[in-house]
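Line by line, the protein sequences give chains H and L. Going by the numbering used here, the residue at position 102 of the first sequence is 102; the numbering climbs one at a time, nothing skipped. In the numbering used here, each residue carries its 1-based index in the second sequence increased by 1000.
Hint data in this document are derived by calculation from the structure and do not stem from the laboratory. Since this is a predicted model, take the numbers as computed values, not measurements. Where hints are given, some of them may not hold.
To be verified - In silico SDA-like cross-links for lysine to any residue, where the CA-CA straight-line distance does not exceed 20 Å:
1) K67/H x L1021/L
2) K97/H x P1061/L
3) K97/H x Q1050/L
4) K97/H x S1058/L
5) K107/H x S1087/L
6) K42/H x Q1050/L
7) K1011/L x L1021/L
8) K2/H x P1061/L
9) K97/H x P1008/L
10) K42/H x Q1041/L
11) K42/H x K1057/L
12) K2/H x Q1041/L
13) K42/H x P1110/L
14) K2/H x A1038/L
15) K56/H x E1104/L
16) K42/H x S1058/L
17) K97/H x L1096/L
18) K97/H x L1060/L
19) K42/H x P1008/L
20) K1057/L x R93/H
21) K42/H x P1061/L
22) K42/H x E1044/L
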Amino acid sequence: QKEVEQNSGPLSVPEGAIASLNCTYSDRGSQSFFWYRQYSGKSPELIMSIYSNGDKEDGRFTAQLNKASQYVSLLIRDSQPSDSATYLCAVNRGTYKYIFGTGTRLKVLA
Amino acid sequence: GAGVSQSPRYKVAKRGQDVALRCDPISGHVSLFWYQQALGQGPEFLTYFQNEAQLDKSGLPSDRFFAERPEGSVSTLKIQRTQQEDSAVYLCASSLVRLGGNRETQYFGPGTRLLVL
Chain H
1 QKEVEQNSGP LSVPEGAIAS LNCTYSDRGS QSFFWYRQYS GKSPELIMSI YSNGDKEDGR
61 FTAQLNKASQ YVSLLIRDSQ PSDSATYLCA VNRGTYKYIF GTGTRLKVLA
Chain L
1001 GAGVSQSPRY KVAKRGQDVA LRCDPISGHV SLFWYQQALG QGPEFLTYFQ NEAQLDKSGL
1061 PSDRFFAERP EGSVSTLKIQ RTQQEDSAVY LCASSLVRLG GNRETQYFGP GTRLLVL
């Protein structure tokens, strides 16, 4: 079992819809959770971080964390074609070391 | 510079060649990371520096990989006797403070795409 698991996709959603991206992790000691966006051929860019159970909203993005279920998700409202990218989930156990998932490729269809 | 820079952006090496990849972190950033990202995968941790000290090199795949940051700013990742399985994008990231609190944002460079023939 991988430490951080994501469905590789592609996840296709129509423009204006809600895109829901999911991530599970295996280490119950994980403390910090991050979503990065990576456009093809580019470097990862942090879009959301979350540290406690519940929802965290930032603009069109909402991160959701459920530590009991070891599950973190990212919702993108009013999806735009420019949101088409790979979304990487990263988990930190309280040190400098981040563990990344393989990423979910999102395609927003115009 | 405004962000993390890496050079070269692309490198083609013949199997058995040595390569050196450079990372210029954001000025003043204490922490520096190297990651390896294979096609279709997420970044895999290679090594971590706090200033000039290499605190963790547990992710380096073999003793052919070596990293240094002698003055606590620029870092170099060296790969000796490159093999085809070394082909990947090598990402450098830096953050302002040491990551004991695990909430500090990492800023990634554009990466060096290495192809070993």
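Hints and how they fare:
A threshold of 20 Å between alpha carbons decides the hint, and for K67/H with L1021/L the separation of about 38 Å lies outside it, so the pair is violated. Restraint check for K97/H and P1061/L: the C-alpha separation of about 16 Å stays at or below 20 Å, so the hint holds. For the proposed pair K97/H and Q1050/L, the alpha carbon gap of about 12 Å is at most 20 Å, so the pair holds. Our distance criterion of 20 Å between C-alpha atoms is met by K97/H and S1058/L, whose separation comes to about 11 Å.
With a C-alpha separation of about 27 Å, the suggested pairing of K107/H with S1087/L is violated against the 20 Å cut-off. A threshold of 20 Å between alpha carbons decides the hint, and for K42/H with Q1050/L the separation of about 25 Å lies outside it, so the pair is violated. For the given pair, K1011/L sits about 9 Å from L1021/L by alpha-carbon distance, which is consistent with the 20 Å threshold. A hinted pair counts as satisfied when its Cα atoms are at most 20 Å apart, and K2/H with P1061/L qualifies at roughly 18 Å.
The hinted pair formed by K97/H and P1008/L fails the criterion: a straight-line CA distance of about 25 Å is larger than 20 Å. About 14 Å separates the Cα atoms of K42/H and Q1041/L, which keeps this hinted pair within 20 Å; it holds. Our distance criterion of 20 Å between C-alpha atoms is broken by K42/H and K1057/L, whose separation comes to about 25 Å. For the hint linking K2/H to Q1041/L, the alpha-carbon distance of about 12 Å falls within 20 Å, and the restraint holds.
At most 20 Å may separate the alpha-carbon atoms for a hinted pair to count; K42/H and P1110/L meet this at roughly 6 Å. Of the supplied pair hints, the one linking K2/H and A1038/L holds, its CA atoms being roughly 16 Å apart against a limit of 20 Å. With a C-alpha separation of about 17 Å, the suggested pair K56/H and E1104/L falls inside the 20 Å cut-off, and the hint holds. A hinted pair counts as satisfied when its Cα atoms are at most 20 Å apart, and K42/H with S1058/L does not qualify at roughly 26 Å.
Among the hinted pairs, K97/H with L1096/L is consistent with the structure: their alpha-carbon atoms are about 15 Å apart, no more than 20 Å. Taking the CA atoms of K97/H and L1060/L, the gap is near 13 Å; set against the 20 Å cutoff, the hint holds. Among the hinted pairs, K42/H with P1008/L is consistent with the structure: their alpha-carbon atoms are about 15 Å apart, no more than 20 Å. A C-alpha spacing of about 17 Å is found between K1057/L and R93/H, which places the hinted pair at or below 20 Å, so the restraint holds.
For a cut-off of 20 Å, the pair hint linking K42/H to P1061/L is broken: about 23 Å separates their Cα positions. Pair hint K42/H plus E1044/L holds up; C-alpha atoms about 16 Å apart against a cutoff of 20 Å.
Of the numbered hints given earlier, the model fails hints 1, 5, 6, 9, 11, 16 and 21; all others are met.
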